[in-house]
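S.K.: Each chain, written out:
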Amino acid sequence: MSSTSITEPSAGQKWFAGALVVAYALISILPLVWIIATGFKTPSDAIAYPPKVVFEPTLEGYVNLFTTRTRQPPEVMAANPPETWYDRIVAQYDMTIVGPSRFGERFLNSVVIGFGSTFLSVFLGTFAAYAFSRFRIPAKDDLLFFILSTRMMPPIAVAIPIFLMYRAVGLSDTHAGMILLYTAVNLSLSVWLLKGFIDEIPVEYEEAALIDGYTRFQAFYKVVLPQAATGIASTAIFCLIFAWNEYAFAVLLTSGQAQTAPPFIPTIIGVGGQDWPAVAAGATLFLLPVMVFTILLRKHLLRGITFGAVRK
Amino acid sequence: MSEVVLNAVSKSFGKVAALRDVTMTVPDGGFVVLLGPTGAGKTTTLRMVSGLDRPDAGEIQIGGRRVTHLTPAERNVAMVFQQYSLYPHLTVRENLAFPLKSPMLRTPPAEIDRKVRQVAEMLQIAHKLDNRATALSGGEMQRVSIGRALVRDPAVYLMDEPLSSLDAKLRTDLRVELKRIQADSGATFLYVTHDQIEAMTMATHVGVLDEGALVQFGSPREIYENPVSVYAASRLGQPRINLLPADLFGAAPAGARTIGLRPEQIRQGEGEDSLVTRVEHLGDQTRLHLSFRDHAIVTVTEVHTRLRSGDIVRIRPEKPFYFDASGARLQ
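Protein chains in written order, with the working numbering: chain A, 42 to 353; chain B, 3 to 333.
Chain A on its own, in the form it takes in the complex (with noise of 0.2 Å):
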């Protein structure tokens, strides 16, 4: 029994191996179970100790996560009987909703600011790969290094000075501001990975292409994209992970207009006391989206499906 065995492992091994996985599956999903639970929890539920694993789910985390409320006098509020859902559950506590939150504006400059870089991050850092892969470039090696190295540091720490610039250029608290950020720092990445996609797939296609009749733009856009979308898709996804997460930039460059959701959670729970029920309902809502994206490009992480046609 050696670890590079190519003989089917034995049925302990594949038990203790499944149990590996299972174990560690569960440790990584019990914050996200733990954060979707405590958004359907009463606040008195969410603070309690011992924690409670059971307990009756409530809507009240997320109506007030889409609301601003108010403190109403005893009077006021028997004489504004609740109509709705929302209502009572609101008038429980003797508030009445007195109109939306900025959640829905928050989310919406997150889906904006994340899905418009994570494309521009991909369109550019696309035709740079290409770029890189197939072109005598003088200092390419040099440029690629130096693409690489602006990763070598933690974005944050030109904060300062990228904050005098913005404010100086006016772009602080602009969607274009941030969008702009947003793929500089994923560039380097985005170019890098999908150069390592493009270099792998074999020259001799687009050149079967330009014999065909085609130019070599087209040659790119018929039968180089085709074979690159696994590459694309996969680095979207890391594109989007890192901008729609981003916290420190969104915090020190935005505020009235283009804040994102991640600056905005937080402040949830100062309105009224610890409402940890609110925080956990945005987390989960603002899980979704990169949730979906992911399920969405799955199909195309699956790798091997294009290659074998050139004989080596």
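Keep in mind the hints are simulated off the structure, nothing from the lab.
Worth double-checking, as some hints may not be accurate.
No more than 27 Å apart at the CA atoms, straight line, and that leaves these computed lysine-lysine pairs for DSS-like [said to hold, decoys possible]:
no.: 1; chain 1: A; residue 1: K263; chain 2: A; residue 2: K181
no.: 2; chain 1: B; residue 1: K181; chain 2: B; residue 2: K130
no.: 3; chain 1: B; residue 1: K130; chain 2: B; residue 2: K117
no.: 4; chain 1: A; residue 1: K340; chain 2: B; residue 2: K130
no.: 5; chain 1: B; residue 1: K103; chain 2: B; residue 2: K117
no.: 6; chain 1: B; residue 1: K130; chain 2: A; residue 2: K263
no.: 7; chain 1: A; residue 1: K263; chain 2: B; residue 2: K103
no.: 8; chain 1: A; residue 1: K263; chain 2: B; residue 2: K117
no.: 9; chain 1: B; residue 1: K171; chain 2: B; residue 2: K130
no.: 10; chain 1: A; residue 1: K181; chain 2: B; residue 2: K17
These numbers come from a predicted model, not from an experiment.
Following the hints, complete the assembly by docking chain B onto the known chain A.
M.R.: Below, chain B alone, put in the same frame as chain A:
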């Protein structure tokens, strides 16, 4: 009119000279086969004509038009790659239709359908049209790759060992088929192969390349019967030409270093004794391995010969080739 002219074409890759001053004319409707070992510049020549690589010096014309600086698409050439290069994300049908759908041709769908079907039937891949290009055997991929060239009507067909990975029967069929296409359509072919039979049967002209230089250009018969050098003589003929010290059979012309003997230049039953070391029955041919004054000689004899190893055969050279020390033929 699609004569292909290479005029003093040179190309280097780094420090390696791939082509040296190659001048060659592929006549309109000609079938030119390039011979030479790996690295002799055969594929580079094809790539020069196709436009995938540009020469460092020299000029290329197709059909009287200077194409040296045109893109492959503008040159209107079809090429079969040695590595097949089928588009893996497309089906066989889409692969075959790909050149017809190009912006250069813009073929109407009905016409595409007709041509694809016709070529697929000729190449015996009609039943695989809806397969993915990756779900084919090596031989099928090679046929699709040939088909992708044949659907078009280009100025010149460039083929880089197109039949090399087919089984014997299919290779024979396609050899005849390609020759028929060339004869019927009057198309011009520039063709790279290692296979002597392909060279001898298909070529109207053979070009022999040696380390990037074109050393001889002529009809296959001319190359076979009148080679300019040891190198050219070694390209054709099975079994290969026997190369022996010039004076092995007695007096040799002045300056001769090597005597070259093809099987038909060895007269059996006359001359001096040699020892039969092995008899190979190949079916259509019987090869005789001889030992003559400690030199091995391979020749051909009657198919149903009674000779066995250990027998003595008398041999005598007849109109042999003599080569000098540099390998050049002495006339």
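S.K.: All hints are to be evaluated individually against the structure, with a verdict given for each.
M.R.: These are the hints, each one checked on the structure:
Distance check on the hinted pair: K263(A) and K181(A) sit about 26 Å apart at the alpha-carbon level, within 27 Å; holds. Restraint check for K181(B) and K130(B): satisfied, since their Cα atoms lie roughly 24 Å apart, inside the 27 Å limit. With a C-alpha separation of about 15 Å, the suggested pairing of K130(B) with K117(B) holds against the 27 Å cut-off. Restraint check for K340(A) and K130(B): the C-alpha separation of about 26 Å stays at or below 27 Å, so the hint holds.
For the given pair, K103(B) sits about 12 Å from K117(B) by alpha-carbon distance, which is consistent with the 27 Å threshold. Note on K130(B) and K263(A): the hinted pairing holds, with a Cα-Cα distance of about 22 Å set against a maximum of 27 Å. Under the criterion of a C-alpha separation no larger than 27 Å, the hint pairing K263(A) with K103(B) is consistent with the structure, at around 12 Å. The suggested pairing of K263(A) with K117(B) holds, with an alpha-carbon distance near 22 Å, which does not exceed 27 Å.
Of the supplied pair hints, the one linking K171(B) and K130(B) holds, its CA atoms being roughly 19 Å apart against a limit of 27 Å. Among the hinted pairs, K181(A) with K17(B) is consistent with the structure: their alpha-carbon atoms are about 21 Å apart, no more than 27 Å.
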